[in-house]
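2 protein chains.
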Amino acid sequence: MSAVAAGLEGLVVAETALSSVDGTNGILTYRGYNANDIVNKVTFEEVLHLLWYETLPTQSQLDELNSHLARHRKLPDEVLNVIRALPKSGPPIDALKAGVTALGMLDPEQDSWDQGDLREKAIRATAAFPTMLAAYERLRNGKEPVEPDAKLQTAANFLYMVHGEKQSESKARAFDTYLMLLVEHSMNASTFTARSTISSSSDYYSAITAALGSLKGVAHGGANMMAMKMLLEIGDPNKIRAYVDESLQIKRRLMGIGHRIYKTRDPRVNHLMAWSEKIADEVGDDTWYQLAHNMEVLTNDHPYFTERKLYPNVEFYSAPLLYNLGFQPDLMPAVFALSRIGGWSANLMEQVADNRLMRPQAEYVGPANQEFVPIGERG
Amino acid sequence: MSAVAAGLEGLVVAETALSSVDGTNGILTYRGYNANDIVNKVTFEEVLHLLWYETLPTQSQLDELNSHLARHRKLPDEVLNVIRALPKSGPPIDALKAGVTALGMLDPEQDSWDQGDLREKAIRATAAFPTMLAAYERLRNGKEPVEPDAKLQTAANFLYMVHGEKQSESKARAFDTYLMLLVEHSMNASTFTARSTISSSSDYYSAITAALGSLKGVAHGGANMMAMKMLLEIGDPNKIRAYVDESLQIKRRLMGIGHRIYKTRDPRVNHLMAWSEKIADEVGDDTWYQLAHNMEVLTNDHPYFTERKLYPNVEFYSAPLLYNLGFQPDLMPAVFALSRIGGWSANLMEQVADNRLMRPQAEYVGPANQEFVPIGERG
Numbered sequence: 001m002s003a004v005a006a007g008l009e010g011l012v013v014a015e016t017a018l019s020s021v022d023g024t025n026g027i028l029t030y031r032g033y034n035a036n037d038i039v040n041k042v043t044f045e046e047v048l049h050l051l052w053y054e055t056l057p058t059q060s061q062l063d064e065l066n067s068h069l070a071r072h073r074k075l076p077d078e079v080l081n082v083i084r085a086l087p088k089s090g091p092p093i094d095a096l097k098a099g100v101t102a103l104g105m106l107d108p109e110q111d112s113w114d115q116g117d118l119r120e121k122a123i124r125a126t127a128a129f130p131t132m133l134a135a136y137e138r139l140r141n142g143k144e145p146v147e148p149d150a151k152l153q154t155a156a157n158f159l160y161m162v163h164g165e166k167q168s169e170s171k172a173r174a175f176d177t178y179l180m181l182l183v184e185h186s187m188n189a190s191t192f193t194a195r196s197t198i199s200s201s202s203d204y205y206s207a208i209t210a211a212l213g214s215l216k217g218v219a220h221g222g223a224n225m226m227a228m229k230m231l232l233e234i235g236d237p238n239k240i241r242a243y244v245d246e247s248l249q250i251k252r253r254l255m256g257i258g259h260r261i262y263k264t265r266d267p268r269v270n271h272l273m274a275w276s277e278k279i280a281d282e283v284g285d286d287t288w289y290q291l292a293h294n295m296e297v298l299t300n301d302h303p304y305f306t307e308r309k310l311y312p313n314v315e316f317y318s319a320p321l322l323y324n325l326g327f328q329p330d331l332m333p334a335v336f337a338l339s340r341i342g343g344w345s346a347n348l349m350e351q352v353a354d355n356r357l358m359r360p361q362a363e364y365v366g367p368a369n370q371e372f373v374p375i376g377e378r379g
Numbered sequence: 001m002s003a004v005a006a007g008l009e010g011l012v013v014a015e016t017a018l019s020s021v022d023g024t025n026g027i028l029t030y031r032g033y034n035a036n037d038i039v040n041k042v043t044f045e046e047v048l049h050l051l052w053y054e055t056l057p058t059q060s061q062l063d064e065l066n067s068h069l070a071r072h073r074k075l076p077d078e079v080l081n082v083i084r085a086l087p088k089s090g091p092p093i094d095a096l097k098a099g100v101t102a103l104g105m106l107d108p109e110q111d112s113w114d115q116g117d118l119r120e121k122a123i124r125a126t127a128a129f130p131t132m133l134a135a136y137e138r139l140r141n142g143k144e145p146v147e148p149d150a151k152l153q154t155a156a157n158f159l160y161m162v163h164g165e166k167q168s169e170s171k172a173r174a175f176d177t178y179l180m181l182l183v184e185h186s187m188n189a190s191t192f193t194a195r196s197t198i199s200s201s202s203d204y205y206s207a208i209t210a211a212l213g214s215l216k217g218v219a220h221g222g223a224n225m226m227a228m229k230m231l232l233e234i235g236d237p238n239k240i241r242a243y244v245d246e247s248l249q250i251k252r253r254l255m256g257i258g259h260r261i262y263k264t265r266d267p268r269v270n271h272l273m274a275w276s277e278k279i280a281d282e283v284g285d286d287t288w289y290q291l292a293h294n295m296e297v298l299t300n301d302h303p304y305f306t307e308r309k310l311y312p313n314v315e316f317y318s319a320p321l322l323y324n325l326g327f328q329p330d331l332m333p334a335v336f337a338l339s340r341i342g343g344w345s346a347n348l349m350e351q352v353a354d355n356r357l358m359r360p361q362a363e364y365v366g367p368a369n370q371e372f373v374p375i376g377e378r379g
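Line order of the protein sequences matches chains A and B.
Residue numbering for the first sequence follows this note's numbering, starting at 1 and increasing by one per position.
Residue numbering for the second sequence follows this note's numbering, starting at 1 and increasing by one per position.
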């Protein structure tokens, strides 16, 4: 590719005060707090406050944010009607794209870049996302959508709306931890796409829609789906070695192993592994956790992976956890978005505060000076 | 911004054989053909063939492409139902975002990167775009959508579906010329967003949806709307001087004047100006053409603009032309998309043929090592 910066590797395109990723030592911080340290002490909504308002909230600030989110969990009729009208055959993350577009069409201040307005948009979209996704999930399974429960926060509410009944405290806490760990990760591909989209003086909803499209890719947020499909394909924890050996032989990539930034174990894996095991115990099916665990043990001890510094990434233990929470593989990329919208929103607030149109160049390598030939003489 | 490449200026992110833009001399080529030379000799569909199949078509290739497009102009019921369900208050380009998402949800090979499959997706989406947009435009004005006429090509069909009756040959040709001139422009912001979106191994429809969001911005495809709003605000060709003087005084930007790449008159302006004048004559209202023309003459003779090399860009004469074709300002960014989807599609074919995940970095400048404080002790 000569001088073409196709992957933009190492190129710094923004300053950020949101998160830092130390890929060598495996440390992720949110505004200077070690993510691994705080997830056992806070909730997803506290992390949203940290990202959107710069500080962890006081109790009254948290109460205010929670009631603000609660007011916007129920979908406007127009948005629910769009979700109902969608083809039932598509990937659920597409329902979020259409739903957030409809939500934006109802916003008379759609284009506003005011920081307060952006926070308001972020609250409304983040509150609406789980309701949209749960509605689509139920509709595609022939069930009526369930309205949000005003007493439940993000994680517990989504589990409730998907399943139609309240789930256990431990499941809600496991999912809340997942939401906290996936919410923000510096200049990842979808965050970059969100920033580049809004940089043309576009709007919040357009940027979120674009980010959903980027997240959907299997080299990004779609990897949890691919990891789960791989685990389902293997099916038996005792078949891990044969599958890994065959993969190396036919050069098939192991899904969920390796990361462009982390050259060590992804720091987000610890809590996800623990919760994955715990929820597996609770539901009485540890097949998927055990499969993942066996694969990690095996690859950690295999020179092909250790020499290339290929370790399990965040999608790897997400997959068995989300599966045991009752989510099919094709729902998983959309579930990722319920978390990452928090980070996208914060990044958009940063981007518009110091915006520059992202407009790189291409090098023309095609034919020059072609002579026009009338249509009757072509061919 | 120190070493931060916020605008990606001058950075080459891809090789392309689609178009070249010589910003110094004002020359735009499509696969080596001078765009200004060929638009009087070909049709929009011939340019689509050039971009998607590498050559201008023979008559039988063109017939084949036209009948292929014709087969897909009528919307699947599911897509029309989504368009019907959308809030009527939004910008029409948002209807394209939701519509193309629904179209993608119906595609069982949604994720395919096969070049033939991508051409098929491009044909279906490019055929469906004008029908979606005309349907939304009529619905928001309280009218029933009009089905496409199987005998009309892209430009004439859109005019027919919007107005509910066939428009003149000259209007169809004016709009066809517009479609040809706007279809492709190297690594512009929306094309870059499309490429960066699909680079995560995402799908065609996600990339098109993202590109629509980027195009919508007033620093990109939304500029035609802003230029028209400016002309409407001025209202009288004799008030141009006062408006320009006041703009310089209060540092108000003149919409449609200046371009990041062109440091000369945008080469696409010639034909658009001529068609703008001709259609103004035909409809018997040359106010908007005259306003634009007076502003160009005045700024071409004004040192503020000549010193900064600020010349009319493609949006500038698009605005009065599109307005006289019967399109309100807020429809204009979406009308731009009816053309540019051709270029986006060709760029996506190129991108997946030599893909690399676009994943730049951010520099963390926030607080370090924050100590956790329990919620009761914060504030």
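Simulated from the structure, these hints should not be mistaken for laboratory data.
Worth double-checking, as some hints may not be accurate.
A pair holds if it fits inside one copy or across any two, identical chains being indistinguishable in the list.
Said to hold, decoys possible - Straight-line distance between alpha carbons at most 30 Å, and here's what the computed BS3-like set of lysine-lysine pairs gives:
(1) Lys74 to Lys88
(2) Lys143 to Lys263
(3) Lys151 to Lys309
(4) Lys309 to Lys166
(5) Lys251 to Lys74
(6) Lys239 to Lys166
(7) Lys239 to Lys74
(8) Lys229 to Lys74
(9) Lys88 to Lys41
(10) Lys143 to Lys41
(11) Lys251 to Lys41
(12) Lys263 to Lys151
(13) Lys278 to Lys41
(14) Lys251 to Lys229
(15) Lys143 to Lys88
(16) Lys263 to Lys166
(17) Lys229 to Lys143
(18) Lys239 to Lys88
(19) Lys41 to Lys166
(20) Lys74 to Lys309
(21) Lys278 to Lys88
Everything numeric in this text was worked out from a predicted model, so none of it was measured.
Hint-by-hint comparison with the structure:
{"no.": "1", "hint": "Lys74 to Lys88", "result": "both (21 Å within a copy, 20 Å between copies)"}
{"no.": "2", "hint": "Lys143 to Lys263", "result": "neither (44 Å within a copy, 59 Å between copies)"}
{"no.": "3", "hint": "Lys151 to Lys309", "result": "neither (45 Å within a copy, 60 Å between copies)"}
{"no.": "4", "hint": "Lys309 to Lys166", "result": "neither (41 Å within a copy, 64 Å between copies)"}
{"no.": "5", "hint": "Lys251 to Lys74", "result": "neither (47 Å within a copy, 44 Å between copies)"}
{"no.": "6", "hint": "Lys239 to Lys166", "result": "neither (36 Å within a copy, 66 Å between copies)"}
{"no.": "7", "hint": "Lys239 to Lys74", "result": "neither (45 Å within a copy, 50 Å between copies)"}
{"no.": "8", "hint": "Lys229 to Lys74", "result": "neither (32 Å within a copy, 36 Å between copies)"}
{"no.": "9", "hint": "Lys88 to Lys41", "result": "neither (39 Å within a copy, 44 Å between copies)"}
{"no.": "10", "hint": "Lys143 to Lys41", "result": "neither (36 Å within a copy, 56 Å between copies)"}
{"no.": "11", "hint": "Lys251 to Lys41", "result": "neither (42 Å within a copy, 50 Å between copies)"}
{"no.": "12", "hint": "Lys263 to Lys151", "result": "neither (42 Å within a copy, 59 Å between copies)"}
{"no.": "13", "hint": "Lys278 to Lys41", "result": "within (18 Å within a copy, 69 Å between copies)"}
{"no.": "14", "hint": "Lys251 to Lys229", "result": "within (17 Å within a copy, 57 Å between copies)"}
{"no.": "15", "hint": "Lys143 to Lys88", "result": "both (12 Å within a copy, 28 Å between copies)"}
{"no.": "16", "hint": "Lys263 to Lys166", "result": "neither (39 Å within a copy, 62 Å between copies)"}
{"no.": "17", "hint": "Lys229 to Lys143", "result": "within (25 Å within a copy, 47 Å between copies)"}
{"no.": "18", "hint": "Lys239 to Lys88", "result": "neither (35 Å within a copy, 55 Å between copies)"}
{"no.": "19", "hint": "Lys41 to Lys166", "result": "within (23 Å within a copy, 66 Å between copies)"}
{"no.": "20", "hint": "Lys74 to Lys309", "result": "neither (45 Å within a copy, 52 Å between copies)"}
{"no.": "21", "hint": "Lys278 to Lys88", "result": "neither (33 Å within a copy, 48 Å between copies)"}
The earlier numbered hints that this structure contradicts are 2, 3, 4, 5, 6, 7, 8, 9, 10, 11, 12, 16, 18, 20, 21.
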